[in-house]
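> Chain by chain, the residues:
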Amino acid sequence: MTVDPFFLALESSALSSWIRESESLLALPGILTLHTLAMGFLAGTSLVIALRLLGFARTIPVSAMERFFPILWLAFWINAATGVLLLIAYPTKALTNPIFYIKLAIIATAAAVIPRLRRLVGASGADAGEPVTRKTALLAITSVLLWAAATRSDGCCPIHTTGFSWSNRAA
Amino acid sequence: MRMVIFWLARTSVAAFVRHSPWAWAVLEIVHLLGLSMLLGTVGLFDLRLMGYANQIPPKALHHLVPVGIAAFLINLASGSLFFIASPGFYIGNIAFEFKLVLLTCAAINVAAFYLVVRRPVLALEAGGRTPLPARIIGGISLFIWISVLVAGRMEAFFKPLPIQP
Chain A
173 MTVDPFFLAL ESSALSSWIR ESESLLALPG ILTLHTLAMG FLAGTSLVIA
223 LRLLGFARTI PVSAMERFFP ILWLAFWINA ATGVLLLIAY PTKALTNPIF
273 YIKLAIIATA AAVIPRLRRL VGASGADAGE PVTRKTALLA ITSVLLWAAA
323 TRSDGCCPIH TTGFSWSNRA A
Chain B
13 MRMVIFWLAR TSVAAFVRHS PWAWAVLEIV HLLGLSMLLG TVGLFDLRLM
63 GYANQIPPKA LHHLVPVGIA AFLINLASGS LFFIASPGFY IGNIAFEFKL
113 VLLTCAAINV AAFYLVVRRP VLALEAGGRT PLPARIIGGI SLFIWISVLV
163 AGRMEAFFKP LPIQP
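Line by line, the protein sequences are chains A and B.
Residue numbers for the first sequence follow my numbering, beginning at 173 and rising by one.
Residue numbers for the second sequence follow my numbering, beginning at 13 and rising by one.
Take the hints with a grain of salt, since some may be wrong.
Stated by the list, open to error - Simulated coverage check for chain B against chain A, where a stretch passes if three residues somewhere in it have a Cβ under 8 Å from a Cβ of chain A:
{"id": "1", "stretch": "47 to 54"}
{"id": "2", "stretch": "67 to 76"}
{"id": "3", "stretch": "162 to 173"}
What the hints assert, rightly or not - One side of the interface only, derived from the structure: several residues of chain B facing chain A at Cβ under 8 Å:
{"id": "4", "residue": "Ile-41"}
{"id": "5", "residue": "Leu-44"}
{"id": "6", "residue": "Tyr-64"}
{"id": "7", "residue": "Ile-158"}
For the record, the hints were derived by calculation from the structure and aren't laboratory data.
Here a beta-carbon is modelled for each residue, glycine too, at the ideal position from N, C-alpha and C.
Full structure from sequences and hints, please.
Below, the structure written as structure tokens:
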């Protein structure tokens, strides 16, 4: 198989090799950690919004959940930025893996769901504990499933960190 | 202690996790989803304790805590399976040891919440300001859980030295 010259150029760039090979904890370890942390808040907050819309913890006022959306967006953009950095570090590995494109499609769909959910939450009259519409519930379930799937597909193209360990640096 | 760990590592469950081509990956996904559930539920409650999203009565968000406990148990179970499947990766791994210390701190902090501020916090209405001790406990909790995640992710970068024969 021939590798796209663009991938090779990207992979041999200074930034790419710094992320892959630097012994700094801010390089691969830090970027990967930030990516996981933001993923946790993204999937976790989506889950809470969905649980409430489906009728769990009914005393949470639906309209007050608008305060959760800045968290979602912050987490989303941190994930986008760290994701791009990880892609720069391992372009060939990711871009030749079909699962990676499925993951991107899932993320794009999940991101498109966020503003729709936000509108529904803003317009909701469900504060007094009345049941939400089927459409709202469906959208909430979809968003959780999509974020879970995005997390899952992460496990299918893991970044192996076998290159270097702080404890055997001296060895 | 070491004998117990070695015995656990020889059990068929541990061997299965170690050798199955998919068990480890599935457990990793379960572990990631568990941490998301924990951050989403306990993390949001911590933020409310710290004064964020004041329109929500703390008691309402507190209904999410059982989901967080379930998430913690899921991660305790999947984490224990990682440990018995590959103890050599975790024993002497400073990131893992640090994570255990953090989890102990988390337990103390949870006890502090229920013993010191639970009653006044759960009595607050929408818009109610949480007392200073509750803000501090919420901040510590959020900090600890984020640190647990960081320590867990760092385990891969602090693999212990192989034991010399």
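> Which of the numbered hints are not met once you compare them with the structure shown?
none
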